Amino acid sequence: MPGPMNRAPRGVKPTVENPGKIFLRLMKLVIKGNVLKWIFIAVCIFLSVQATVQGMLFTQTLIDKHITPALEGSGSIAETLPADILRVALILAGGFLAAYLQQLVQVFLTQGTMQRIRDKMFEHMESLPIRYFDTHSHGDIMSMYTNDVDTFRQMVSMSIPQLVNSLITIVSVLVSMILLNGWLTLLSIFLIGIMILMTKKVSGLSGKYFVKQQKDLGAVNGYIEEMMTGQKVVKVFCHEEESIKGFKALNDGLCDSAYNANRYANLIGPINMQMGNVNYVVVAVVGAALAMGGVGGFTLGGLASFLTLNKSFSMPINQVSMQFASIIMSLAGADRIFKLLDEQPETDDGYVTLVNAREGANGLEESEERTGRWAWKHFHKATGETDYIELKGDVVFDGVDFSYVPEKQILFDVKLFAKPGQKIAFVGSTGAGKTTITNLINRFYDIQDGKIRYDGININKIKKDDLRHSLGIVLQDTHLFTGTVADNIRYGKLDATDEEVVAAARLANAHSFIKKLPKGYDTQLTGDGANLSQGQRQLLSIARAAIADPPVLILDEATSSIDTRTEKIVQRGMDSLMKGRTTFVIAHRLSTVQNSDCIMVLEQGRIVERGTHDELIEQKGRYYKLYTGNSIA
Amino acid sequence: MIRKILAYVKEYKAASIATPCFMILEVIMEMIVPYLMATLVDDGINAEGGGNLGVILLVGGLMIVAALVGLFAGIMGGKYGAKAATGLAKNLRQGMFEKIQTFSFSNIDRFSTAGLVTRLTTDVTNVQNAYQMALRMCMRAPASLIIALVMSFIINPRIALIYLAAAVFLAIVLSILISRTTKVFSQAFPKYDELNASVQENVSGIRVVKTFVREDHEVKKFKKASAAIRKIFTKAEILISFNNPVMNITSYTCILLVSWVGANMIVNSGGTELTTGDLISLLSYCMSILFSLMMVSMVFVMLTMSFASIKRINEVLSEEPDITNPENPVKEIKDGSISFEGVAFKYDKQAEENILDNINVRINAGETIGIIGGTGSGKSTLVSLISRLYDTTDGHVLVGGRDVREYDIETLRDEVSVVLQKNVLFSGTIAENLAWGIRRSRPDRETLTDEQILEECRRACKLACIDDFIESLPEGYNTRIEQGGTNVSGGQKQRLCIARALLKKPKILVLDDSTSAVDTATDASIRDAFANEIPDTTKIIISQRILSVCNADRIIVMDDGRISGVGTHEELLRDNEIYKDIYESQTGADADFDERGSN
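As given, the protein sequences belong to chains G and Z, one line each in that order. The numbering used here puts the first sequence at residues -7 to 625. The numbering used here puts the second sequence at residues 27 to 625.
Just so you know, these hints were derived from the structure itself, not from any lab. Being a predicted model, the structure only gives us computed values, none of them experimental. A hint or two may mislead.
As the list claims (entries may be wrong) - Result set (EDC-like, lysine to aspartate or glutamate): computed pairs, CA atoms no more than 20 Å apart in a straight line:
#1 G:Lys511 - G:Asp490
#2 Z:Lys531 - Z:Glu436
#3 Z:Lys357 - G:Glu232
#4 G:Lys400 - G:Asp441
#5 G:Lys571 - G:Asp441
#6 G:Lys560 - Z:Asp586
#7 Z:Lys250 - G:Glu118
#8 Z:Lys257 - G:Asp142
#9 G:Lys455 - Z:Asp242
#10 Z:Lys261 - G:Asp142
#11 G:Lys453 - G:Asp340
#12 G:Lys112 - G:Glu338
#13 G:Lys560 - Z:Asp585
#14 Z:Lys360 - Z:Glu436
#15 Z:Lys249 - G:Asp142
#16 Z:Lys247 - G:Glu595
#17 G:Lys560 - Z:Glu610
#18 G:Lys455 - G:Asp541
#19 G:Lys456 - G:Glu338
#20 G:Lys369 - G:Glu358
#21 G:Lys456 - G:Glu335
#22 Z:Lys125 - G:Glu233
#23 G:Lys617 - G:Glu595
#24 Z:Lys249 - G:Glu115
#25 Z:Lys246 - G:Asp111
#26 Z:Lys125 - G:Glu218
#27 Z:Lys30 - Z:Glu341
#28 Z:Lys217 - G:Asp142
#29 G:Lys112 - Z:Glu241
Claimed, not checked - One side of the interface only, derived from the structure: several residues of chain G facing chain Z at Cβ under 7 Å:
#30 Ile59
#31 Leu84
#32 Arg110
#33 Ser195
#34 Ala250
#35 Tyr251
#36 Phe473
#37 Thr476
Glycine included, each C-beta is placed from N, C-alpha and C at the ideal position.
Turn these sequences into a full structure, and let the hints steer you where they fit.
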């Protein structure tokens, strides 16, 4: 059984701009590369429809050509009938074969398209800048994979083939009906017209209530979500009765609109069915009168066939309108997917790359194999020369301004120097811009003004992948991946040997707890490492950063959600990791910050104080006040 | 299980009975039409002497009447079906919601929040759809099957036997197909969940992916998973696509067979044993029979799919609240003294180890008590026993000299006001949120004017050091709080929650790590205000910060579910290793730079 999925409410006509354009794009995506398959499908549908129509017409043959003459004594059915039955049987068998083949191809086509779309979405998503993930709700992104992709399945496996099938059926049946009797056909079309009008009217009404139902459902769901989240607070405040009262009002409202919506939707079936019957009867009576009178050579067998055709005439017409509605509905989902695919991927104009280096005759030079030393390969266009600059981890911010949105500047004229191996700490209240600074070093976001230099190179010139390879990051939220413990550590260096994994775990102080896990390094982690404690998860993420062995480290509130006793263990892991690396630390605990080479106090996007712990205490400024907790500025 | 759900049909019983009745009426009308058609052909068109227009019109009229009655029955069936199903859904939601309100904390813990929400929303909708389908189709399809068969037998038993054989054959084949496909699908869905989990991981962990430049690695992993999905779903759908040919071949074999047998019968008997009209109606019954069989199988699949929902709903409905009011509850609490006597506690009765063990401590009325200890040491658990959020496994908790289990729960919780660690504000204005703290049992509750309520709110907010912030808002106390309190900062939210708890004017106030996001200075002011303004209230403060508890009258140090030490800051610093440890790790003062609450 599938897990509970938050299905987007269906049944409401979504408002999409430019539905035509989206539809065409959708069709293009679905058909592209599969033209032959689609042609095959269309041919199969055509054949199977023709076979079905032939099957329906067989009743006429049976009665007019065999039974009636035999009853009138002018022939024996035993001689002619078997041949006709065999003929029809063969035609039908061919039709079924075509239908079956069509369905098989359909399955491959559907699943293939789904896979293509999924892969395309995911691949594109991975290429998007962090900004996209920061500005879109994760639930919405998820729902594209769970709900919206389904629109493609709907389209490929149902809507399009059924539409084609219905159209071919309508034409084929109509032609056969006209051939049997034109006047009767006209009558039939007239009656079906009435039926369609009735259905339209009712579905319009039902649609109106469905919109209301969705709205009420949203209100009820919102209330439930809120109350269930706050259930313990409800208990503590003995607020149960009020909460029930509030629920009852919403719930009754929902019941009312759901009743109306369903009631009208339920009408459509009976109307189609019974109006179809009325149609059948009227045509039968009129047809009988015609057949009796022998008008235009119309026969009893003809009538029987006509009635069968007539019955299978209204169904595809309903189908067309239904499938059309479903396509319109699915356009909203397609639109969301297209919007994702249209998002601009992260651009990278960097040309300075990271290479293995060794000491050569003329200083540093590039090396084919791993040397443990790294260098920035800097090609100067103007002179045609290539420089090799050793990777050290020297980071400079010079007059950096930054804002996520133009209206609100976050950082103002930030200046800082981090010499290789230094530990720089940022303190200040939430929203002061601490995390933002780390977002800029690895170019998750680009600065508006000023310069950031890495080993003397403007980071805009460095290839993003290489820049990020040279930076390690440990976040407050650990984000482990499904896989074994070893897989997760290896994430920092995919080709790491088992020994390297263990070494990294030892460095991070994680080895001892991993050893105690039921399967050690092969223990499977699921759901972001839900089977580990917060401290253990953090140790793993430190090991993950350690194995990558980057010269620059960013620790963003890495120990914030761990209690102080556990922190001690984690801290030891981090201390050994920080040794010899340039480290940027964001923390709100003194122990993490105190021994930094330089502490930056940030306030509303500006560095208001800087210095070592002792210096800042001496200054008796903002840092001092925060530290002693005596007063508030 | 299903019976338990059906008990919630309640006032919609009439509609639930009417629906299938109308549906059967509709089917009967539908089945009469082909029968009348035979009469029309034989006695009208083929009547001796070149047809009988009178009979044709009469029978035609009858057929129209049948269709109209059928239409009426269909409309009524649809109406009552909708009424019954949406009614059941309403009652189920209401019933579950009310049930959940009676849950104790341990009941709530057994379900996750998301789990409860799904049960109240998606699962109820599933049951609603299944119920409507059951009422309308479960009767309709079998009825149409049986009636069509019976009619066929009336017209001609020998040909009807062919139908019976075909129906049995189709039923067997369909059930085999269904069981095979469900098996494949049950393998496929977990794979699908895995794929979604992988997307989820990537969306929330995108920073990690990007920092380690693992985009390609992730794409490769994803493509592998998505290819696996394609494979298994293709397999499942190929199985399904076998349905149609089976259905088609069976029905048309039937039709051709009947055509042959029927034609021979008519000709050989000279139209006495079977007439042409009979043959026409038999052929249309053939379709009805096989089609309704298909419907039955569909209904069956749909209903099985709703079983999972039914099961989940049942779990809520059959959960018994494990904390209830005593028989003769005491409605008066003498004072704010608390006493733990040999208390042991575990969340799960089957668990081997206790979460709390051998807790013995007396707290006097008006005392300020700090509680400190590592995560998982049992701090929150300890205080939640005071207002009976959980019941002890062993031993007694006394408030005002009496076992908490003797008190009326509402009285107890009004006097013991807890600010939970995971606290929540609700959508509504600040004033509305604060008003939660006004006791329901207050005699003057009904007569309180808005101005009086506001006055009390102001007083509480002043104590919680949040009044300045609220006054600075353009709409003051009428400022709207968004769902989950997303438009206020963590520290503001915590202080609002404290103010809400203060409005109760409790004898005991418990703050469970409730100022973690408040900066140290404000935190200190709040504690000062408590000491000066509500000296008689017993205050229990849980914190990670030494600074928040070191000035308390006494501090309880928790370690691994036991009390490791009780005493003043100085005493503990001298005697208690753990306390010293924590103190040192925070080096004199836990300077909390992250003063989320100060702005």
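task: Could you check the structure against the hints above and give me the numbers of any it violates, in ascending order?
output: 5, 16, 33 and 37
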